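Trainee: These protein sequences, in sequence, are chains A, B and C. According to this note's numbering, the stretch in the first sequence is residues 407 to 770, in order. According to this note's numbering, the stretch in the second sequence is residues 407 to 770, in order. According to this note's numbering, the stretch in the third sequence is residues 407 to 770, in order.
FYI, nobody ran anything at the bench for these hints, they're computed from the structure. Remember, predicted model here, so these are calculated numbers, not experimental data. Be careful, since some hints might not be right.
Since the list can't tell identical chains apart, any single copy or any two copies may satisfy a pair.
[Said to hold, decoys possible] List of simulated lysine to any residue pairs, SDA-like, C-alpha gap at most 20 angstroms: (1) Lys411 to Glu728; (2) Lys411 to Pro730; (3) Lys431 to Cys491.
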Amino acid sequence: MNTAKPTFPLNAWYAAAYDVEVVGKLLARTICNQKVVMFRKTDGSVAMLEDACWHRLMPLSLGHLQGDEVTCGYHGLVYNAQGRCVHMPSQETLNPSACVRSFPVLERHRFVWMWPGDPTKADPALIPDMHWNDDAEWAGDGKMIHVKCDYRLVVDNLMDLTHETFVHGSSIGNRAVAEAPFVATHGDRSATVTRWMENIDAPPFWAGQIKEARGYQGKVDRWQIIRFEAPCTVNIDVGVAEAGTGAPPKGGSAGDRSKGVNGFVLNTITPETNDTCHYFWAFARNYRVTEQRLTHQLREGVASIFREDEHVLEAQQIAIQERPNHPFYNLNIDAGSMWARRLVDGLIAKEQPAHPVIPVRLAA
Amino acid sequence: MNTAKPTFPLNAWYAAAYDVEVVGKLLARTICNQKVVMFRKTDGSVAMLEDACWHRLMPLSLGHLQGDEVTCGYHGLVYNAQGRCVHMPSQETLNPSACVRSFPVLERHRFVWMWPGDPTKADPALIPDMHWNDDAEWAGDGKMIHVKCDYRLVVDNLMDLTHETFVHGSSIGNRAVAEAPFVATHGDRSATVTRWMENIDAPPFWAGQIKEARGYQGKVDRWQIIRFEAPCTVNIDVGVAEAGTGAPPKGGSAGDRSKGVNGFVLNTITPETNDTCHYFWAFARNYRVTEQRLTHQLREGVASIFREDEHVLEAQQIAIQERPNHPFYNLNIDAGSMWARRLVDGLIAKEQPAHPVIPVRLAA
Amino acid sequence: MNTAKPTFPLNAWYAAAYDVEVVGKLLARTICNQKVVMFRKTDGSVAMLEDACWHRLMPLSLGHLQGDEVTCGYHGLVYNAQGRCVHMPSQETLNPSACVRSFPVLERHRFVWMWPGDPTKADPALIPDMHWNDDAEWAGDGKMIHVKCDYRLVVDNLMDLTHETFVHGSSIGNRAVAEAPFVATHGDRSATVTRWMENIDAPPFWAGQIKEARGYQGKVDRWQIIRFEAPCTVNIDVGVAEAGTGAPPKGGSAGDRSKGVNGFVLNTITPETNDTCHYFWAFARNYRVTEQRLTHQLREGVASIFREDEHVLEAQQIAIQERPNHPFYNLNIDAGSMWARRLVDGLIAKEQPAHPVIPVRLAA
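If we strip away everything but chain A, and leave its shape as in the complex, we get (with noise of 0.2 angstroms):
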């Protein structure tokens, strides 16, 4: 059992499926070092309960979902949607405590999203906003991918895209990104990093995807607008436009990018126990967002760049577990990781253990 201190609040929003995935049918998964099973209710909304019979703590995932209620495969005890035990096999009166947790799920922008915390306290209004990956605007689909590392490393990663130059040297990366200026900002759940190359050659991806999209060949203006919303969210909104039109904002106002086309690498990565994380990510796009060859092609591109990431992440994680109480030196470039980790912090800070998760070992 994992007893160290928590790497995450539970008082927050988790990605814990593509909608996809959620059918009629029982699917397990640990979140936030819970164990929950999921299914799609006959109105097509989702149910998320503690994936562990109240009785004998069998998992209830290897049961039977019939309608909108789970029996247990070991004695049979049946749970509704809410999670409340309606039948008991050999008698007739149910013991009033008899229930399994259930959490507060909702949908939206493609993702099925639980709040494992304080129910009281699951505010829609607090699910990033994530609207690319589910607006006629924009094309794009991504994947899950399950990493073996903290997800506060995923976060780091994407927060300094100078690793692109030496993670990703075959494929995005030069030397270029890795020079160039960045600001840095932050709110109060929310922190920013900027970066603006202007009337530059754009990378050969980019070279294309402007051509094809806009018939326009020659120098750039090109941006990497990386914003992360606490406790786990990454929108990093990239793209190129005609060098010289307008598109870096200018005083108070924001620029014009109609002569450019954009993309956002959309990340969510939910912790799934302290050492291990679910990836979900998503890339959308604002030209050509009709054609489903195009959508096909990005998107297994990125998913073979994230594949580098992979390993490069488990390799960190192995790193730090090995010396546990090893501080990190920070760089100028880790300026948007410390201000993540510092607002991931203080959510953690001001959680009282009201509800405390019991940290689940996963079995090998």
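Keeping the supplied structure of chain A fixed, place chains B and C upon it in accordance with the hints.
Mentor: Showing chains B and C alone in chain A's frame:
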């Protein structure tokens, strides 16, 4: 290393092997957290020693058996069947302390029984009665399976046959058993759950057995009498008889089962470690006793049913280990297993730690 | 993480690799609980660094070597061969603390030696004498094997060749060795076990060697002189000579081995972790030194014998870990290993923890 509190008494007989497993070769097994090596001596009886050389802990089971003596495979120390070192390399004088522990061991009812506790208390009369496994009026056979769970979960499982309905729905279970009333009683070392279902349609299995054996078709009186003997033996008396021919006991006198067919499901579950067990079982019957083919067929049929239990028990064990302080809630159907647990707890509580066994961590 | 008390001194030279293993590429290895990365520099010497980037602990061995500089594969920090960071991404000023530990390293007798302790004490004169491995008058070759046991169990094994009789019964062992008398002596950093068997029939292996090399058949004087040098080197002087030609030393003077054949079994066993080791060995001989085929044949012959030891040592390690506080009992044959253990304990005891090494748990 497992440092949890004891889950079983030491002063008890535990099945260590089926008789046929132990021949003139070294057989290693872990029983009650104790690694042992056993072998059949030249006089036909069984010897059992601690499986670690006195000198440098080399497992004796990796050495050689010659006659009734075991030679360590590292430096050649020789032990007799009582565990006394009788030869050391390159020296004439033997260290008088040089011995390994030997365990009381007896064969009965086709099992080799060992006593891990105080040898002076190893009373053969305490071996549980499983005579049906070795009786000319009964025919049957069984197996040993290894289950990755606390042996007490297997006892729980056997003390409540309600689970047949849900775990074994495709074979022997049906709603009738789950809903039939039962009576639970107990003694000093035993607990019994009795369920009579009178004047019912026989379930398919028993309908076939009574028709083939007695030529009878029609309503039956059916019984399931589950008898637990502490700490880990459960013998289940099962069968059907022609309805109304007096099978159920009346007043103080036993019933007349002469118009029926009777089987015994014999189970004795030996802790390997606190979290794993060796499960010995057999099915014996009092009809068509000379038909080897039926013996074979019934043994394989029971084996496939027990594999379903194995799946459930191992899932339950994982869930329990993830929630070490979680209480068990009990239903009416748990009356039998509650008594069984109470009797085991009583045996553990009254043991003085005079002969502690060092818990082992089995290497992966 | 392994928090057990030290099992080896830090102020000592340990073989880290065979010379041929280290080329112009990054080689990762764990030595004395320390993860290191080594590489051959452009000047031909070997550099060794701690295998974790100062910034975020990424293993440097997953980065890139260019000339004598290592670039971290995550964010591109660059280290020179002394472990000093000489480049950071996106910043001009380097943090003066930015460095990783480098280790004293020397090549001698075909091994790369590293000193995990206080660098100011790394006296080259303390490298154990294994010159037979790199001497024109001797021919031989060897291997490195990984053994899942405390390195001291390998030392124990080598200090008492009685085990040959039982472990290597099918190859080099026979009862004669187990029963021959021996003399054990010791110095400040060394312990020696000497066994002379005069005027005996040569065992098959040596009978063949002396016949082919010297044309001699008949009685021999045979010797086994095992010399331990703390903390983990054991060189064994073995051979036979024509009986009565003066091979055994007499009074204070060395014997005359000119009528014999002589080999050295060279062994140095480097702790990887407290429970695992890298075992470097070679077999060198002073006859038929130009015959490559014989070198090959002898190396493979020894390798197959050592695999038998590996099996025994790993079984013993598991047994010891299961009984953490169990004492070792000693026999007369353990005189040599008792002295070796005492010398190692002395070296450990006199070390101040001035340069503690954080024990690592190797990831599965």
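Trainee: Compare the structure with each hint and give your call.
Mentor: Hint check results:
1. Lys411 to Glu728: both (17 angstroms within a copy, 17 angstroms between copies)
2. Lys411 to Pro730: Result: close both inside a copy and across copies, 12 angstroms intra and 18 angstroms inter.
3. Lys431 to Cys491: Within one copy only: 19 angstroms inside a chain, 54 angstroms across chains, cut-off 20 angstroms.
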